[in-house]
Every structure is written in C-alpha cells, then in structure tokens.
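**Student:** Protein chains in written order, with my numbering: chain A, 589 to 1017; chain B, 589 to 1017; chain C, 589 to 1017; chain D, 589 to 1017.
Hints are computed from structural coordinates only; laboratory data are not their basis. Take the hints with a grain of salt, since some may be wrong.
Some residues of chain A that are not near chain D, with every Cβ distance over 12 angstroms (derived) [what the hints assert, rightly or not]: (1) R622; (2) P706; (3) A736; (4) L759; (5) G775; (6) Y778; (7) L811; (8) A816; (9) A820; (10) R853; (11) D899; (12) R912; (13) A913; (14) V999; (15) I1012.
Straight-line C-alpha distance at most 30 angstroms; calculated DSSO-like pairs for lysine-lysine [as the list claims (entries may be wrong)]: (16) D:K916 - A:K832; (17) C:K975 - B:K916; (18) C:K809 - C:K916; (19) C:K975 - B:K975; (20) D:K916 - A:K975; (21) A:K809 - D:K916; (22) B:K809 - C:K916; (23) B:K916 - B:K809.
Ranges between beta-carbon positions, derived for each pair [as the list claims (entries may be wrong)]: (24) D:G929 - A:A600: 47 to 55 angstroms; (25) D:A911 - A:E602: 24 to 32 angstroms; (26) A:A600 - D:A1014: 16 to 24 angstroms; (27) D:Q654 - C:G704: 48 to 56 angstroms; (28) D:Q654 - C:P794: 37 to 45 angstroms; (29) C:G704 - D:A1014: 44 to 52 angstroms; (30) B:S943 - A:R660: 46 to 54 angstroms; (31) A:D668 - C:D604: 21 to 29 angstroms; (32) C:A913 - D:E872: 31 to 39 angstroms; (33) A:E602 - D:A1014: 48 to 56 angstroms; (34) A:A974 - D:K975: 51 to 59 angstroms.
Here a beta-carbon is modelled for each residue, glycine too, at the ideal position from N, C-alpha and C.
Protein chains: 4
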Amino acid sequence: MILRDPVHGLVAFEGDEEQIVVSLLGTPEVQRLRRVRQLGVTSLAFPGAEHSRFAHALGAAFVMKQLLVRLRAIHGPLPDHQRVSEERAREALAAALLHDLGHGPLSHLFEEAIPGAPAHETWTERVVLDPSTAVNRVLSSVDPGLPARVVGLVHGRHPLPYLARAVSGELDVDRCDYLLRDAHATGVRYGLYDLDWLLRSLRFAPDAGASAPALAIDGAKGLPAIEAFITARLFMFQQVYLHKATRAAEWMIRTVLARAVEVLRAGGRLDDVPPAVWSAARGEPIALGDYLELDDGVLWNAMHAWERAGDPSLSDLAQRIRARALFKTLELFGEQATADGRERVIAVARDVARSRGFDPRTHVGLDVASVEPFGGEAAPLMVVYAKGPARPLHEVSFLLGRLAGQVLSRVRLVLAPELRDPVIHALGL
Amino acid sequence: MILRDPVHGLVAFEGDEEQIVVSLLGTPEVQRLRRVRQLGVTSLAFPGAEHSRFAHALGAAFVMKQLLVRLRAIHGPLPDHQRVSEERAREALAAALLHDLGHGPLSHLFEEAIPGAPAHETWTERVVLDPSTAVNRVLSSVDPGLPARVVGLVHGRHPLPYLARAVSGELDVDRCDYLLRDAHATGVRYGLYDLDWLLRSLRFAPDAGASAPALAIDGAKGLPAIEAFITARLFMFQQVYLHKATRAAEWMIRTVLARAVEVLRAGGRLDDVPPAVWSAARGEPIALGDYLELDDGVLWNAMHAWERAGDPSLSDLAQRIRARALFKTLELFGEQATADGRERVIAVARDVARSRGFDPRTHVGLDVASVEPFGGEAAPLMVVYAKGPARPLHEVSFLLGRLAGQVLSRVRLVLAPELRDPVIHALGL
Amino acid sequence: MILRDPVHGLVAFEGDEEQIVVSLLGTPEVQRLRRVRQLGVTSLAFPGAEHSRFAHALGAAFVMKQLLVRLRAIHGPLPDHQRVSEERAREALAAALLHDLGHGPLSHLFEEAIPGAPAHETWTERVVLDPSTAVNRVLSSVDPGLPARVVGLVHGRHPLPYLARAVSGELDVDRCDYLLRDAHATGVRYGLYDLDWLLRSLRFAPDAGASAPALAIDGAKGLPAIEAFITARLFMFQQVYLHKATRAAEWMIRTVLARAVEVLRAGGRLDDVPPAVWSAARGEPIALGDYLELDDGVLWNAMHAWERAGDPSLSDLAQRIRARALFKTLELFGEQATADGRERVIAVARDVARSRGFDPRTHVGLDVASVEPFGGEAAPLMVVYAKGPARPLHEVSFLLGRLAGQVLSRVRLVLAPELRDPVIHALGL
Amino acid sequence: MILRDPVHGLVAFEGDEEQIVVSLLGTPEVQRLRRVRQLGVTSLAFPGAEHSRFAHALGAAFVMKQLLVRLRAIHGPLPDHQRVSEERAREALAAALLHDLGHGPLSHLFEEAIPGAPAHETWTERVVLDPSTAVNRVLSSVDPGLPARVVGLVHGRHPLPYLARAVSGELDVDRCDYLLRDAHATGVRYGLYDLDWLLRSLRFAPDAGASAPALAIDGAKGLPAIEAFITARLFMFQQVYLHKATRAAEWMIRTVLARAVEVLRAGGRLDDVPPAVWSAARGEPIALGDYLELDDGVLWNAMHAWERAGDPSLSDLAQRIRARALFKTLELFGEQATADGRERVIAVARDVARSRGFDPRTHVGLDVASVEPFGGEAAPLMVVYAKGPARPLHEVSFLLGRLAGQVLSRVRLVLAPELRDPVIHALGL
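Put together the whole structure using the sequences plus the hints.
**Tutor:** Put into structure tokens, the structure is as follows:
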C-alpha cells in the first residue's frame, strides 16, 4: 500500500511485517476513526483543524516504521532477544496504528461527560481483545497472542520496554505524529520540529541493565532536536489545545451531554439518543457495539435533535453550539485561581446567572486545565555521550532544565455572553 | 477578526468593508459549510483530504481581500465608476465567501443523483435571495440591493465584469484558493503555484473598451505565474479530482441515492430518510429549509441506516461504502472509449453481472469524466506588455499554447471487485 | 558523515560503500567547488542564488544514494551482473559527486569566452584521470580501474546503461538536485516537484533486452511526478536560467574575458591575470594546476583589477559589472529573430553604437539561447504498465505529448543602457 | 523594484518613500555586501550557509517595510509628532538596509583579529557619514540631515525610540530577518517562527509616557509568537552560531590574520596583503577606501597566497583552512571551564604542543563564547492586555520567565588534530 500523506509525504506499507497495517486498515473499527476528528471541536477556533483520528493513526504507524529502521540500525550490540525481530516489529506497528482505537467522539468529551463511561484506553483494550471485532480477528489470525501483546504495548507494558515507551511515553510515535499533524492542519507553525533528525539522534543507553536497554538521545547531535520536540508540545498546548474558544465549546458540549443524561434519567424524552447514551442514562454498562456506533456525526446529529428538547437549558445550549455562538471565558489569576478562590468566584458568577434567569449549572462554570509539558515521567529521558555516563535530559539541556516539572495551568470561568459584563462587574475584575 | 489558516497563514478581516465577512460567518447557512467536506469522499483515497467547504469559503474571501489590494493599486487610470469603491469591495468579498453556499453534501453527488434536484448554483441563489435566511438578512441590512448583486457576481454578472470574472472565471478566487488548499490537505505538491506573484502580475488591459476594462497578465513578469496556475489545475485533475478510487466511491454513492429514491417511489420503507430526499422521491420540489438540513453527516447517517434496507442491492452498496470496500475501475482506451465502444463494453459487463447474480444497474456502470484544463472560456485571458497590443495567453505562452482547447478525459468501467476478473475475461482485456 | 542540507534535510553518508563520498569530500579539487557558485552571476537577478557547486555536488550524491535504494528494491528479477553491486554503487556515488568537478568559474563563462579553452566535461575527465590529483588518488586506492569507470559514467557510458543515464540523462541525479536547489535558493517555486514519489515511480522496463535493462516510469503511479519534473525544468529555464538580467551580465563577462585575452595578445598589460588566462592568451594549453586555481573569486579579483586597464572598453565593462550597472536587453521576435533578421538588427545597433562613440564589439551584441525542454534524447523515457508493452512518455502523457521536441528560444540584443533608446528608434521598435 | 526572495517571497519596494531603498541598492558600498557571506565560514559546517549580507540587508529592509505597515495601523492614538511620517519611514528603511553596511569580511573575524581595527559599527557610521561615499550622496540628496539620523537609528538613538529599537533592539528587523534566513540556508528548522503573526501582535504600550511610546506585545494574541522568536534564537545559537566546527575555523582564521600582522611588523614578506592589513601592521589607521576593498574573496585570496609564507605556522594554518582540515575542539565543563581552570588547561595543552614541535600560540588555544538568549536589554519587552497595566515579558511568559538572564556559554580548547589525543591524555579527560 502506498499513500500520500500531507505530513509525511509518501507513506508506504509494503514489507512483509507491514502487511499487518494494511489488514487492520480494512477493519470497520479502524475505518470508524475516519468519523472522529483528531482535535474534536478545535476547528471552531482553527478552521483547518478538521483532520481525523484515522489520518493520525496512519501517521503514527508510519513514524513507527521509521523508528524501526533506526532501531535496527543501532540494535546490533544488543543480545538477540532484545533486538527488533519481525514479530516485535509487527506488534509495534499494530500498536502504533491502534493506540487510539477506542477513542470516543469529539475528543475526550464523551468519556468526561457521561457518568460511568469507561476511559478511551479501556475501550481500546476491549476492541482489541473482544473476539467479535474484526481487529481482533486480524490480529489473532497472525498469532493468538498478538491481541494481548498489542494491548500491553498500548498500556506501556512489553518485554522490550523501549518499544512500550515508543508507543506510550514522553517521546512516542503518538506525539511525534500529532504535533506535526496538528501544526499542519491548524497552520500554527510552533508545533514543527525535525522528526528525521530526532529519530537519527536515538541511541541505546550503554549502561542500561541487560534486562532493559532504554532509548536515549545522542548528546553530540540530538539536543536541539529533542528540545524543539518538547517546546513544540508546550507551544501547541498554549496556542491550540488550551485555546479559550475550544475550551469553551468543549465545556458546552460536556454540559449538553451531562444534561441530556439527567433529562433521560428523570424520564424526559429526547430524540435521536444514541444507544450508548441510553445505557449510561439507565446506569447500565455500554455495550461494545453501541460504543463503536458513536462518532462525531452521531453526537452532532443528537445535539441537533436536542435543539427541540423540552428542557430549556439543554435546548438553548444545543442551539448555541450548532450556531457556533460560543460561551465566553474569563481567565482567573493569582488568588482567584486557587482552589478556594475559584469556589468564591464561581459562587458569585452563579448568583449573577440565577438573578438574570439563567440556569447556574448550565450557563456558567469553571474550566481548569493543567499540564506538565516536560518532566512528568517516572523514568526521565537520558542523554548519552561518546564518553561518560548517561545523564538525565533535564540536567543536560540549557532550556529544558528550566522547564522540568513546571506546570502550565489555565483556570477560566466559562459563561454565556449575556453574563460576561455583569459577572465582571460583580467580581470587580 | 483574525484567524490562522493553514494555507494563507494569518487571515484577518478587520477593515470596515470587511465586516460583511465577519457578519456572514455568523449565519447558520455559512456555518453549515463546516459540515460539508470540500472534496466529498476524496479522503477515502487521500486520507488528509478532510477539509471543509467552510475553510475554503474563508480562504476564497481572503484571496479576494488580497486581490482588492492589487486592484486598488492599479485602478488609478480608470474612470471613477470603474474603480473598486468600498461598496464594490463589499459585494466582492461577500460573493467570494458565499460562492458555494448552496453546495450540497458529498461534493456534487446529491444534485447528480437525485432526479430533479436543482444544481448547487441555484441553491446558492435561493439562499442569498430568500428573505427567510440569515445570510439574506445580513446582506439586506447593509443595502437592500446587495443580495441581488452578490448573486449576480456569483453567476458572473456585474457592472464591473472584471470583478464578476474574479468570482467566477478562469482565474477566480475560488480556484486560487482550492488549488492551494486541496494540495495542502492531500499532500499532493503539484497544486502549488505562487499566489502572491500571480496577483502582483495582474494589470488592466490598456486597450479595453471604456465600458469594460479587463484584468490581464503582465507579460514581463507574470507568465510563469499563470502557467504554473493552469498546469497546477491540470495536475490536480489528473492526480486527485479524477482519481480512480474517488470516482468509484462517488459512483457508488450516486447509485445508493438514486436507488433509495426508487425504493421510496415504489413504496418501500427506509429509515432516516432526510426530508429533502423524501420530497425528491415524491416528485415534489425540495423546500429550502429541508435542503439546508442536508450535510455530509446526514447523508452518511442515512446510508448507514440503509445498510438494513430490504432492497438487497441498496443494502449491499451501503455496507460496502461505509466499510470502504470500494468498487474497482477498468479504464477504457481507444475504440472502447468511444461512445459506441462504451455501449458495447457496458452491455458485456452487465451480462456478466447478471450471470453472476448481481444487479447490473447497481454493481456495474460507466464513469465518464472530461475536463478542458485550459482555454474553454469565451473571452481568453490576455497578456499585456509595456508596448504593443494585448495578446491572448495561448498565443504568448510556450506551454499553454500547446494545451489550449485540449480535453482530458477518463472513461472507466466501475464494478464490484467480484466482477473484475470475469469482466476482464469477457472483454478480452 | 551526517550533514544538514537545506534541500534534502538530513544527509548521511555512513555505509561502507558511501565512504567513497566522505573520502572525496576531503580532496582539494572537491573543496574548490565551494568557491564556484552553482548559478554563476544569477544572484545579480535573484539575490538568494548564492549556493555553490559544492552544495549541489553533495546533493547529487545524496539523490544517487536514494536512487540506489530504489534500484535495489526493484533489481531482484534482473540477472546478477545487471544488479547494483556494492562496486557499482560506489562508482555511481563517486560519479554523482564528481559529475561537475571540472566546472570553471562563473558558470560556463570561462570556457565560452576563452578561445581554445576545453569544455568543463573535458576538465572533469582530466582531474579524475590525472595521477597528480587527490581525487584520482582516492579513487585509485579503492580500485585502479575506478577513475576510468567514473569518467565513463559522467560521460554516459557504463556496462549498466541505466546507471550511466542516472548520472547523465533526461532524468539524472544532476537535474533532480539542481531543480530543487535552484528553486530553494532563488525563491522561485516553480522548480519544485516530488522527488520521493518520482524515485518510487521507477521500474525496470520488463521488455528491455537482457543486455540492457532500462529504467522506466510506472504508468499507474508516476505520470504526474515525471510531468511535474519536466515542467519544473521548463519553468526554471523561463524564469531563471534565461532571465534577461542574468543573460546580460553573462554576456558582459564573456566580453570582458575575451577582450582581456585580446589585450594580452596585443602585448597590453593587465594586473592580476590568472595563469590560465595567460596561457590562453599565448595560445598555449592550460595546465591542469592553473585551471584548478580558477574560481569565482579569482575571476572577480581579476576583473576588479582590470577596471584600471588601459583599454577603455575593457575598463568600462569591468567597472559596470562590479557595480551591477548591467546592460539592457531587447528581445527580438518574428522576422527579427531569424538568422537573417538578427544580422540586420545587430548591424543597425552597431552603427548606432559607433556613431555614439561606443565600441560596437563590446557595448552591443546578440544573445541567443535555445533549449528543448523535453524530448531531445535519442532514447525516450518509457512508461510501463501492469499489462501491455512499455510506451514512450510523450505518447502517454497528456501534457508532455504536447511539449515533445518543442524548442524554447530567446533572441536578445544586449546593449549599454545609453544605447537603448537610440537603437529602439533606429530599429523602429 | 520587485524581487524574489527565498525567505519573504515577493519583495517589492515601489512606494515613494521606498525609493530610498532602490537608490541605495545602486551604490558600490551596498553592492560590496554581495561579496561578504552573512555567516562567514559557517558553510564549512553547514554547506548551504552561503548567503550574503546583501540578501540579508534586503530582507531586513523588507521586514521594516512590513513593520511600518503595522505601525501605521496602530499609531492612530499617538500625537502627530510620534507617528510614522513619510520622513521617519524613509530613514527607518534606509537604516534597516544599511545596519550592517560596515561589516568586514568573514563575519567578525577581521575586527577581532587585527589589532586596533575599529568595530564594524564604527565603519557603518563612517561609510554613511563620509561625503566621499555614494551612500552618503544618496542620503544627503534627499535631506542633508538624513545620514546623521540613519546613523542614530543604527546606534539605537532616535526621536522615536520605538523606531530605534526596531533597528537595533531585542526585537529588531535584523534578528527578524537573519533568524529566518539562516534557518532557510542551513536547513536547520529551529530558527523558524511566525513573522506575520509577530508583527501583527505589536501594540503601543498604553501607559508609556507621552515622550516615548514603546512597542509591546499583545498578551491575548502574541505570546507564542514572541516566545517562538526568542527560543528560535536560542536554538540557532546552540545549533549553528556556536557550532564547534565553525568556531574552530574562526579561531584558525583569527590566528592566521593576527600572525600575518606580526610577520609584517617583524619585517617579514607576504604576498597579496590587502592595504587595510598593511595599515594595521604599520600601526596606522585604516583608510575608509582600503576598508571597503575588503571582502571575503580578498581575504581568502590573501590566505591562499600565505600558504607559501616563510613563517611555518602561518603557512601551515593557511593550508589547513583552505583544505578544510579544521582543528578539533574539546569542550570544557565544570571546574575546567572556570577562569582559573581554563588557564590551567591551556597551559597543559601548550606544553603538549611545544613538546610535539607545534607553535603553542598558533596550534592550540581557547575559544570562549557566551550569550544571553533573553533578558539582556535594559528596557525589557512589555506585554499589554485589554485591561490592566503592561507587564514585563519575563513575568508573563511561562517559558521565558524561566530563561530570563540565563547565560549560555561554551568553553572549548581548539587544537590541531595531531594534538587531540595527547592533550586528552595529559588532561586526564
């Protein structure tokens, strides 16, 4: 198979071990990812951000293919059982392609809004392991143990820990692809870094114990490449992933979904309710088949139907989100951003909402986001030199040493535009 | 308003006359374009081609903004009434944004498949002129004559013909944007050309009659820019727009829609039929509101429901398209590609289909595409020099002189994969 | 060795067979190419065009490395002696790096202006074969026959004709690199094409005789890639290589050099005359060592000294070229561009020059350029399909069929700016 | 005038006030910059880094043109005398073009190596103010006070301080252009940032005193743009400007120049000594005309001649640099990198050199580089918000707050390759 990709150019999966990618692409579970946008509702703020999880999954598998080339160029000194065999390569490619297979619609909104809904990682595991899925059949037909090993990789567990971290770690194929792809689609240039150079900078840490060699950065060649990779992610968080309009839209949709479940639980009637939402409303577990029926279109379709809901708050929010009449945000700083401060602020804002005839639970709220752009992993990335011991990246890097462990956070009040000025006044902002 | 666009970078609409763009973006009719992909089902062949008509509409308006800057830099010698006034600029920007407003879902498939469905240009006109739409209200509130003038521009009619051709002509803002955007999204690099240089190459033809100055290319600076623009379009047709997998998918969806209408007309029952399709099935005109409810998601949702249709051909096709189990194509050349030849070929292929138990109308068919990449316009693009008369581009250009009037065509048999080998055998291919 | 290249990104020569590139890069003859600009005086018209032949030579070797990967992916069906052995690869890499080794300074100006000066291809051969050069020593130390085989490749002769054509042919590594590099440096975007896709499109023609398999284009995947490659070259000729300011500057420098030789032959005195020019003036052959001393800096230095020459025409031209006070051009069309017409035009122009006190041989002249962008090769590029015979590219390609054999030509009068208006008047232009 | 630039695309200087750029480009002093590479000998490490100071000067003037557009979009609220008049614009454009006019050859090597040689800023001032130069004539003919005002701008002094800082400050047109241009030429992608967005993010600080409004960053839109700009410069220092091979080559050339002056002072004979070097050797001031004769070619030519010098160290170094046989570097860390430690290290290394028959002053040395990537300016960049006071960038930015005032330094021993192993051994490294 040979494809054009806007990020990686010519993407080919042709070798024997790469046939697993071609086979998996033919399954309905992977095809479903075409109907889920990688960045959820981000296109409401960045009109170009319309790319799907399908394109990203393909890209992640392609980065893995390139990484395997590098691994094989450097695995010579390792004992046989720690090298990248064809079998290991096959499961790594499959895991890269499938790492987000269980992702719900509209980014993380579904799992966050629906009470009791399992996280997407759990769904990935279920899809891969359940014998009813085509993905499971494809994997099992190669080797009955393959589904379990792929799930292990996705969860960061594998006999070769360096492969596990390449699927899920601080420097994994997921991030390698999404930073470039999200930058390409949004037009934000800050997510760019040099993938070829980064892969070329990888070495096995020489002093790693025989049981678990780890990938490390070549200090002589690779520092700027890894620094640019880490700062690219920081920039994307600041510029795109935590963008106020996107966050406001996400808050609105979470509220719509949660309110719809409440309405249903209270015996209310809503049209076009997806079976998975029905199950959640009834407090029943969501069936795998029902979950896989969910995609962006299904949720948008439901929210469109709910514009005519009897519940006025639900109806109002559903209308606003479709018309892109987004809520406003007020960022909180200093004392107001502390745990106590937020409580006082939201209480004031809810009073204002109530006094103006708005539902204080659906038309005003808090949105708290926080991320640690670098250094959160238990085992830090290591840097190796021609001589001397491997050293942690944060000790070696001029730039990253200053970033390590720092937390970037945004605390925002989200509220209907009609409430913005009165709330500002009430809070004395 | 200031936005990031992956194609044009920083896109701003801030001047007084540009407020019309901001106002129109707030209407539900323009927001609907977010739910229609620019290239329909092309993402089945080029995974990156997931961009919406909304992003393209914004881009076209931005190209118009840049074109207006150029026009004002060169309109000095024209009499006042032929210059770009603020009023003219406003209607040009609105027309650029709205030029595809009436586009149906899934590219041209809806209007081609549904018997009696008006073309998308007609719907654009209706949306703009109908007083019930928000777009009409925005335009009318500026000037009651504005909707009609915008429609005129979209149809290529205007007191300033050079503006009309800039909205709809061989070198219009639509093409200027879509070539770059489709190239960016698909990763096909052949659609690139130099927009800045092309705009900068525009002049008013000096010998144009006083009643209608026309834009022309500066022969000293602009030939390669316009040549690259024309060949970019040729390359995009060859590589993307006429790609065999896309054309096969489009053929399948047209067949699904047409068959669904037949089923309904015959009194069959189908779930999730959009009201617009119901109207068509009943032979009634489609109401504007029903048309505007259509988008890619609505049609995909309907086709998903029709996987369970009683009609086996409809059900089969619907299942295949969702699973991306696309039909195959056989390109016809020489005698077989002539009008008579095609008839013989399709007759043979249908016989094979019938003998194998497939419906010869839904599982085999002809797909004929033809395009004239350059030279089809009544009034050719002219080239001007410091001295001497303006000359037609095809006379001046080494490359385009050889392309003018040539027709690129593709004649293909489209058929279920199961039929491919038997049909090849029967046709002796 | 691992390098950053602005065109190809990460450029590495690390394998055993690639060591030849590293060794050759260390020779003074290859290092000399750092002092010769790839596009001569083109930077007078395109300020960015300052890249050296050294950078291009490296790039051509890197394209060869990538081509070898492709050749080895497809050479399986060939008999052993026709495959790419390590030995063949080594000579192909060396030939790619050295293909322009004998290039003189300032593009082709030296060999065109100095009477009796051998062409640069001859100098390449001499440098490679002469036992006194470091290049020869490096090659011979690997294999005494290597210098001769490398020369053969550069001249298009080799036991594997497909390798010879890859070094010197319609689709060779030289063109593959220079189109991209010249486009990158000038900022002209028309020289871009998709190198990865083009290489991936190569196949061996199945029906080629056993004695000489030829590379061909895969008709199913590669047509747009090769079409874009060919038109890129056409665009670069139109836009850059035949640019009027560059051509005028080149005409001036050729005239300076030729006049300097005349002055020296007549016993005149000039400062800073390079030994190679002295030899030419004396009618003696140029010694290899003297030739290798020539570079752009040496010639610019000499021309700077000649600003103080006793010969007023020489002095005047030398001053103008350093100050970038370039001559003007008048392009001739129709009858005036024919062989007879040109003679009449130049005679008139020279009369004007004479009557105004200018030397008619140094301050006015003709510049004739002509190029066949496609189809000039004896053995046409072939296109292969899954079925059926290979077909010539010009028969298969919609675009190229129309270009094949067409000649692009520019006939220009070059003259001092002071003469422009009087000559236009005298010619009735 | 309209040009193609590989960094900025279409570069035009056409308005009335922009004619000053066109006139200045015609002067020999500006044309001289074509013969000086922007990055000196960096092309020995990054083969693409062959761009000239001329291309950069043009680029800086173009960035100024774009900045002026932005300034005029925001200067409305300022009193008339603080706005950008045509006169102010003209001097800003001239200063941007001329800011490096006095730059010597081979980056800063000449002024650093030649004892008593004025810094390049002094030469810029002299060229602009000296009535004998064409640059002075062009400026004076517009306005006799213009040369002095241009010099003021280049030195950061002007009645409009925001203009002065735009020519010479933490965020000036020089950096804006060179980061992009050096990244483009080297192929290092880390120097990229979003120029359009950065310019668009500029505001006047509202609370600035009436006497001196200052440019500030719009906190709502511009933080990532300025952060990427600052980190781009950090990356370029780490990756390119402080590259060990470049620094070694620079150290060698400084040593060559200093040793040549010593040889001349001691009465030794050298060929092709540029008059400016003669003056320095005699302890006389360098004449302006002699300084302007210097360019990269002149120095390379001299160093080539000095390969035959009687002084063996000079001859050896000159031969090595031309053959790109560069010295090696050993980076010092910890105690060895302190002032005292360095002295000990260099003493040991010189002993080794002496004992091996090398001149300890020419074949071994220290190279110390240090740079403060952010925060070194007296007046910090400020950030403004819709409400509230302007705040210093380092207080606002998550990333830059951690970088402010940090110093990046590299301490390296530079030595002939033959000395590397013995010195490592002697130092116990």
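**Student:** So, for every hint listed, does it hold in this structure?
**Tutor:** Do the hints match the structure? See the list:
no. : hint                                 : in the structure
1   : R622                                 : holds, 30 angstroms
2   : P706                                 : holds, 33 angstroms
3   : A736                                 : holds, 40 angstroms
4   : L759                                 : holds, 17 angstroms
5   : G775                                 : violated, 9 angstroms
6   : Y778                                 : violated, 5 angstroms
7   : L811                                 : violated, 7 angstroms
8   : A816                                 : violated, 5 angstroms
9   : A820                                 : violated, 10 angstroms
10  : R853                                 : holds, 41 angstroms
11  : D899                                 : holds, 35 angstroms
12  : R912                                 : holds, 20 angstroms
13  : A913                                 : holds, 21 angstroms
14  : V999                                 : holds, 14 angstroms
15  : I1012                                : violated, 9 angstroms
16  : D:K916 - A:K832                      : violated, 51 angstroms
17  : C:K975 - B:K916                      : holds, 16 angstroms
18  : C:K809 - C:K916                      : violated, 46 angstroms
19  : C:K975 - B:K975                      : violated, 54 angstroms
20  : D:K916 - A:K975                      : holds, 16 angstroms
21  : A:K809 - D:K916                      : holds, 16 angstroms
22  : B:K809 - C:K916                      : holds, 16 angstroms
23  : B:K916 - B:K809                      : violated, 46 angstroms
24  : D:G929 - A:A600: 47 to 55 angstroms  : holds, 53 angstroms
25  : D:A911 - A:E602: 24 to 32 angstroms  : violated, 44 angstroms
26  : A:A600 - D:A1014: 16 to 24 angstroms : violated, 53 angstroms
27  : D:Q654 - C:G704: 48 to 56 angstroms  : holds, 52 angstroms
28  : D:Q654 - C:P794: 37 to 45 angstroms  : violated, 56 angstroms
29  : C:G704 - D:A1014: 44 to 52 angstroms : violated, 58 angstroms
30  : B:S943 - A:R660: 46 to 54 angstroms  : holds, 51 angstroms
31  : A:D668 - C:D604: 21 to 29 angstroms  : holds, 23 angstroms
32  : C:A913 - D:E872: 31 to 39 angstroms  : holds, 33 angstroms
33  : A:E602 - D:A1014: 48 to 56 angstroms : holds, 55 angstroms
34  : A:A974 - D:K975: 51 to 59 angstroms  : holds, 54 angstroms
Hint check: violations occur at hints 5, 6, 7, 8, 9, 15, 16, 18, 19, 23, 25, 26, 28 and 29; the rest are consistent with the structure.
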